[in-house]
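**Q** Each chain is listed here by its residues.
Protein chains: 2
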Amino acid sequence: MRLLIDMDGVIADFEGEFLRRWKTGHPEKEFVPLDERKGFYVREQYPSEYSEFVQEIYHSPGFYQNLPPIPGALEALTEIKNSLNNVFLCTSPMLPKYENCVLEKFHWVYEHLGADWVNNIILTRDKTIVKGDILIDDKPDVKGSSDPEWEHVIYDQPYNRNIKEKRRLTWRNWKEVLNI
Amino acid sequence: MRLLIDMDGVIADFEGEFLRRWKTGHPEKEFVPLDERKGFYVREQYPSEYSEFVQEIYHSPGFYQNLPPIPGALEALTEIKNSLNNVFLCTSPMLPKYENCVLEKFHWVYEHLGADWVNNIILTRDKTIVKGDILIDDKPDVKGSSDPEWEHVIYDQPYNRNIKEKRRLTWRNWKEVLNI
Chain A
1 MRLLIDMDGV IADFEGEFLR RWKTGHPEKE FVPLDERKGF YVREQYPSEY
51 SEFVQEIYHS PGFYQNLPPI PGALEALTEI KNSLNNVFLC TSPMLPKYEN
101 CVLEKFHWVY EHLGADWVNN IILTRDKTIV KGDILIDDKP DVKGSSDPEW
151 EHVIYDQPYN RNIKEKRRLT WRNWKEVLNI
Chain B
1 MRLLIDMDGV IADFEGEFLR RWKTGHPEKE FVPLDERKGF YVREQYPSEY
51 SEFVQEIYHS PGFYQNLPPI PGALEALTEI KNSLNNVFLC TSPMLPKYEN
101 CVLEKFHWVY EHLGADWVNN IILTRDKTIV KGDILIDDKP DVKGSSDPEW
151 EHVIYDQPYN RNIKEKRRLT WRNWKEVLNI
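If you read the protein sequences in the order shown, they are chains A and B. The first sequence begins at 1 in our numbering and counts up by one. The second sequence begins at 1 in our numbering and counts up by one.
In isolation and in its complexed conformation, chain A is listed as follows (with noise of 0.2 Å):
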């Protein structure tokens, strides 16, 4: 059984972040609450006049790094590595602006999970022509050049939760979803 694992939104958390980065930078404008989050792109939700907010927030230096990580996800990562040979985390750089992302990602592995993992990482903006059983992603929908090898297993945020055809885990209920 070979298992891909996205990062943000799975391991990294990515829309806490941003949350508490935006209350900070913006006290005076609205903002979207974690279980209100609708849609997989957040500047897509904020009102078109904040995108530029919204983007800054993301591509600043460190956000990449600093990201949480989601609870429980480093100790499931950890006992699934004890059982399982095949892991690898199979994340997309964030295009065109890939200065920070690229490089912090591998950072945050590092200094989250060790250098191990490190060597398990596959940056790609196509997964769907990485061979695996299981991809574990956030993202409502992952496409690409290739029909994949994988089922794609939803982790479960508020802003997928109107996907009702793919099984959904969380890193609470992922033994009993995976049956590892």
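No false leads were slipped in.
The list makes no distinction among identical chains, and a pair is therefore deemed to hold if it is satisfied within one copy or across any two copies.
For lysine to aspartate or glutamate, the following EDC-like pairs were computed, each having C-alpha atoms within a straight-line distance of at most 16 Å:
#1 Lys175 with Glu79
#2 Lys97 with Asp116
#3 Lys97 with Glu111
#4 Lys164 with Glu151
#5 Lys38 with Asp141
#6 Lys29 with Glu52
#7 Lys81 with Asp116
I should point out that these hints are in silico values taken from the structure, not numbers from a laboratory.
Based on the hints, put chain B in the right spot on chain A.
**A** Chain B in isolation, oriented as in the chain A frame:
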């Protein structure tokens, strides 16, 4: 047809740049001429007492970003992209010292090939789990956790000429070899 193309030693001249810097930085020390390079890892062909100096060169900031393109590579990539939809740059980061190499590979692609190609970078230590028909790589033996789907076509270099059982090409004869 999906083509995967390695970077160092295939489109970016790692060995040439290493030797240029070695001669400049250590003019008093012996060097291995390019056509006498044997074995994939340059470090292993230099005396072990030079190991630290050798690594210092390719771990230094700017090394990866300033690799000259291998002659003919950029023109070939442009032609390939005009005739194939699925072409990916499939490259492994230097580990454990990934600090410069990871981001600089992205910069290299952006600067030499443009933003579109940055979309098609796959950074992975395990190329065997990437789906493709052909992988063009200068490494004699590309191993990983899976039986690869692709045929490994060797990019011809002095240090891989001991491999006889695989097809090989350069950017001078790639069209005939690949029949594209």
